[in-house]
Structure formats: C-alpha cells, structure tokens
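Enquirer: Could you put the whole structure together from the sequences, leaning on the hints where they help?
Residue numbers (the UniProt record's numbering): 1 to 99.
Hints are computed from structural coordinates only; laboratory data are not their basis.
For every residue, glycine included, the Cβ atom is placed at its ideal position computed from N, Cα and C.
Possibly wrong hints are sitting among the right ones.
Cβ pair distances, simulated, as ranges [unchecked claim]: (1) K62 / N37: 33 to 39 Å; (2) P26 / Y75: 39 to 45 Å; (3) Q72 / P33: 41 to 47 Å; (4) K23 / A57: 24 to 30 Å; (5) L27 / Y75: 36 to 42 Å; (6) K86 / Y31: 37 to 43 Å; (7) V34 / D71: 32 to 38 Å; (8) D22 / H99: 38 to 44 Å; (9) Y24 / Y55: 44 to 50 Å; (10) D30 / K82: 52 to 58 Å; (11) G89 / T35: 28 to 34 Å; (12) T35 / D98: 29 to 35 Å; (13) K29 / A95: 35 to 41 Å.
Derived pair list, reagent style SDA-like, types lysine to any residue, alpha-carbon separation capped at 25 Å [unchecked claim]: (14) K82 / C39; (15) K29 / C54; (16) K82 / C54; (17) K97 / W64; (18) K29 / S58; (19) K86 / T73; (20) K86 / S58; (21) K82 / N67; (22) K82 / P59; (23) K82 / G94; (24) K97 / C54; (25) K23 / S58; (26) K82 / C70; (27) K86 / Q60; (28) K29 / C39; (29) K82 / C61; (30) K82 / Q60; (31) K97 / A63.
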Amino acid sequence: MPSDLQLVSFNSFSNNGSPITDKYIPLLKDYCPVTCNLCPGATTTAPPTPNPNCYDASPQCKAWAHNGYCDQTFYTCAEKIKWCAKTCGFCTKGACKDH
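Expert: Below is the structure:
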C-alpha cells in the first residue's frame, strides 16, 4: 500500500493537468479512484443553480422551520412559499404539496 506521501503525490499529479500514462492507471484505480476520477460509470453533475427569485420574506424563517413550520399542514403551501420558500426548500415548482 502506498504511503500518505505517495497518495498526496498521486492526487497532486491528477489535479495538476499532467497526463496519466497507462502504466499508472491500475495503481490509481486501487488507491485513489474518486480523487483521480477513475470510478467506473462515475459522472459528475454540476450543482443546481440557485434560483435568484427564491428568498425568505420573513427574518424568522429559520426559527419557524426549527419549530416545524415547513412540515405542518396548518399553513398552506402558498403561505409557506410566500414567507419562507428558501428555508423550507420550496424553490422549485411542486416542492410543496398541500395535504
């Protein structure tokens, strides 16, 4: 098993744009498949772009959410989206369902 220093150098090697020759592929697959981007069938997905129109209208949303506001059925989805869409995670259409 390679030492921590060897793993660091593998990671640096893979991240600095140096070409990885075929002779290193088996070793990299064994010791750093995730970092070296060598996992079988792995794909990377860009993180979702935040919706600039999604915000909390109340400064109390974090406290309300902590007390169950986002999950309770007493308030309608329209009310929860109006006041605390961002904190409650209701920025995408259909994320909140009235019961």
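Enquirer: Run every hint past the structure and note whether it holds.
Expert: Outcome of the hint check:
The beta-carbon spacing between K62 and N37, approximately 37 Å, falls within the hinted interval of 33 to 39 Å. In this structure, P26 and Y75 break the distance hint of 39 to 45 Å, their C-beta atoms being roughly 57 Å apart. Between Q72 and P33 the C-beta distance comes to about 44 Å, which sits within the given range of 41 to 47 Å. The given range of 24 to 30 Å is broken by K23 and A57, whose C-beta atoms sit roughly 59 Å from each other.
As the Cβ distance of L27 to Y75 is approximately 57 Å, the hint placing it in 36 to 42 Å is violated. Separation of K86 from Y31 is about 41 Å and conforms to the stated range, judged on CB atoms against 37 to 43 Å. The hinted range of 32 to 38 Å is satisfied by V34 and D71, whose Cβ atoms lie roughly 34 Å apart. Between D22 and H99 the beta carbons are some 57 Å apart, a value that contradicts the proposed interval 38 to 44 Å.
Evaluation of the 44 to 50 Å hint for Y24 and Y55 yields a pass: the beta carbon distance comes to about 48 Å. For the pair D30 and K82, the supplied restraint of 52 to 58 Å holds, since their beta-carbon distance comes to about 53 Å. Between G89 and T35 the beta carbon distance is about 30 Å. The supplied range of 28 to 34 Å therefore holds. Between T35 and D98, the C-beta spacing of about 45 Å breaks the proposed range 29 to 35 Å.
Restraint check, K29 to A95: a C-beta distance of roughly 39 Å satisfies the suggested window 35 to 41 Å. About 43 Å separates the Cα atoms of K82 and C39, which puts this hinted pair outside 25 Å; it is violated. Proposed proximity of K29 and C54 is contradicted: the alpha carbons are some 41 Å apart, above 25 Å. The straight-line distance between the Cα atoms of K82 and C54 is roughly 10 Å, inside the 25 Å bound, and the hint therefore holds.
Proposed proximity of K97 and W64 is supported: the alpha carbons are some 18 Å apart, at most 25 Å. For the proposed pair K29 and S58, the alpha carbon gap of about 49 Å is over 25 Å, so the pair is violated. About 18 Å separates the Cα atoms of K86 and T73, which keeps this hinted pair within 25 Å; it holds. A C-alpha spacing of about 10 Å is found between K86 and S58, which places the hinted pair at or below 25 Å, so the restraint holds.
Under the criterion of a C-alpha separation no larger than 25 Å, the hint pairing K82 with N67 is consistent with the structure, at around 18 Å. As the CA atoms of K82 and P59 are separated by approximately 13 Å, the hinted pair is consistent with the 25 Å bound. At most 25 Å may separate the alpha-carbon atoms for a hinted pair to count; K82 and G94 meet this at roughly 14 Å. Only pairs whose Cα atoms come within 25 Å are accepted, and K97 paired with C54 is accepted, the gap being roughly 17 Å.
Between K23 and S58 the CA atoms are separated by roughly 58 Å; this puts the pair beyond 25 Å, and the hint is violated. Under the criterion of a C-alpha separation no larger than 25 Å, the hint pairing K82 with C70 is consistent with the structure, at around 12 Å. In summary, the hint linking K86 to Q60 is supported, as the alpha carbons are separated by about 12 Å, within the 25 Å threshold. Simply put, K29 and C39 have alpha-carbon atoms about 7 Å apart, close enough for the 25 Å limit, and the pair holds.
A C-alpha spacing of about 11 Å is found between K82 and C61, which places the hinted pair at or below 25 Å, so the restraint holds. Between K82 and Q60, the direct Cα distance comes to roughly 13 Å. Compliance with the 25 Å bound is thereby established for this hinted pair. For the hint linking K97 to A63, the alpha-carbon distance of about 21 Å falls within 25 Å, and the restraint holds.
In this structure, the earlier hints numbered 2, 4, 5, 8, 12, 14, 15, 18 and 25 are contradicted, and the remaining ones agree with it.
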